[in-house]
Amino acid sequence: AQSVSQHNHHVILSEAASLELGCNYSYGGTVNLFWYVQYPGQHLQLLLKYFSGDPLVKGIKGFEAEFIKSKFSFNLRKPSVQWSDTAEYFCAVNGYNTDKLIFGTGTRLQVFP
Amino acid sequence: DAGVTQSPTHLIKTRGQQVTLRCSPKSGHDTVSWYQQALGQGPQFIFQYYEEEERQRGNFPDRFSGHQFPNYSSELNVNALLLGDSALYLCASSLTAVGYYEQYFGPGTRLTVT
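Protein chains in written order, with the numbering used here: chain L, 1 to 113; chain A, 1 to 114.
What the hints contain is simulated information worked out from the structure, not anything from laboratory work. The reader is advised that the hints may include incorrect statements.
Here are the simulated BS3-like cross-link-like pairs (lysine-lysine), alpha carbons at most 27 Å apart as the crow flies [as the list claims (entries may be wrong)]:
| id | chain 1 | residue 1 | chain 2 | residue 2 |
| --- | --- | --- | --- | --- |
| 1 | L | K49 | A | K26 |
| 2 | A | K13 | L | K58 |
| 3 | L | K61 | A | K26 |
| 4 | L | K58 | L | K100 |
| 5 | A | K13 | L | K61 |
Label pairs and their calculated CB-CB ranges [claimed, not checked]:
| id | chain 1 | residue 1 | chain 2 | residue 2 | range |
| --- | --- | --- | --- | --- | --- |
| 6 | A | E54 | L | T30 | 22 to 30 Å |
| 7 | A | F69 | L | W83 | 41 to 49 Å |
| 8 | A | F69 | L | I12 | 40 to 48 Å |
| 9 | L | A17 | A | T14 | 42 to 50 Å |
| 10 | A | A38 | L | T30 | 24 to 32 Å |
| 11 | L | G29 | A | A97 | 19 to 27 Å |
| 12 | L | T30 | A | Q41 | 24 to 32 Å |
| 13 | L | S84 | A | G16 | 39 to 47 Å |
| 14 | A | A2 | L | T86 | 22 to 30 Å |
Residues from chain A that face chain L, not an exhaustive set, calculated with beta carbons under 7 Å [to be verified]:
| id | residue |
| --- | --- |
| 15 | G42 |
| 16 | P43 |
| 17 | F45 |
| 18 | Q56 |
| 19 | N59 |
| 20 | S94 |
| 21 | Q103 |
| 22 | F105 |
| 23 | P107 |
Virtual Cβ for every residue (Gly too), placed ideally from N, Cα, C.
Whole structure, please, built from the sequences with the hints as guidance.
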């Protein structure tokens, strides 16, 4: 079955701490991978995406993610978080020739000053 | 450049009633997808419309139906509402001509069924 697992449901960090959010997927065939962010009161926004090529992708606001095909993982990282990074983060996957997105359950990140 | 817009913002309905939600895609986009996001969950794919036809469908009952108009805007209809239909309904648009890559989401419609 196609699925996405986000193991961290709620993460609490202090400003300047490093962040890594886990994402594992189960999907047959070629995949595209995404991280979306939902800031409080705002709509889902694309943080970064992986289609092919360099497995280390950089997104907006200093975020990056690494695609490790052998581990079916696409973990999100940021070296130093800010209070403004407080939000819900969703990992998502779709397959070649479809843009039906399969989302994980999300990780709520709280950053304290 | 207008992004994806949805109406209404909030809606309260009673069990058994019917509801229609509306979506206008981002300018230049031709494909609309609908997602249901229950509280504490990630969005779940309902269906997608392209060229005024349903192109893909997720695991949702026939009570959920939709439509796409010639101007690419779309409606989501839910009949015989259940309490479990309470959720945030998200519309996302994309451009099929450039491939199945990136969807832009609207702010959603919060549906409460009492």
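Going through the hints against the structure:
no.	hint	result
1	K49/L x K26/A	holds, 19 Å
2	K13/A x K58/L	violated, 43 Å
3	K61/L x K26/A	holds, 23 Å
4	K58/L x K100/L	holds, 23 Å
5	K13/A x K61/L	violated, 39 Å
6	E54/A x T30/L: 22 to 30 Å	holds, 24 Å
7	F69/A x W83/L: 41 to 49 Å	holds, 42 Å
8	F69/A x I12/L: 40 to 48 Å	holds, 45 Å
9	A17/L x T14/A: 42 to 50 Å	holds, 47 Å
10	A38/A x T30/L: 24 to 32 Å	holds, 29 Å
11	G29/L x A97/A: 19 to 27 Å	holds, 22 Å
12	T30/L x Q41/A: 24 to 32 Å	holds, 26 Å
13	S84/L x G16/A: 39 to 47 Å	holds, 43 Å
14	A2/A x T86/L: 22 to 30 Å	holds, 28 Å
15	G42	holds, 3 Å
16	P43	holds, 5 Å
17	F45	holds, 5 Å
18	Q56	holds, 5 Å
19	N59	violated, 11 Å
20	S94	holds, 6 Å
21	Q103	holds, 6 Å
22	F105	holds, 4 Å
23	P107	holds, 4 Å
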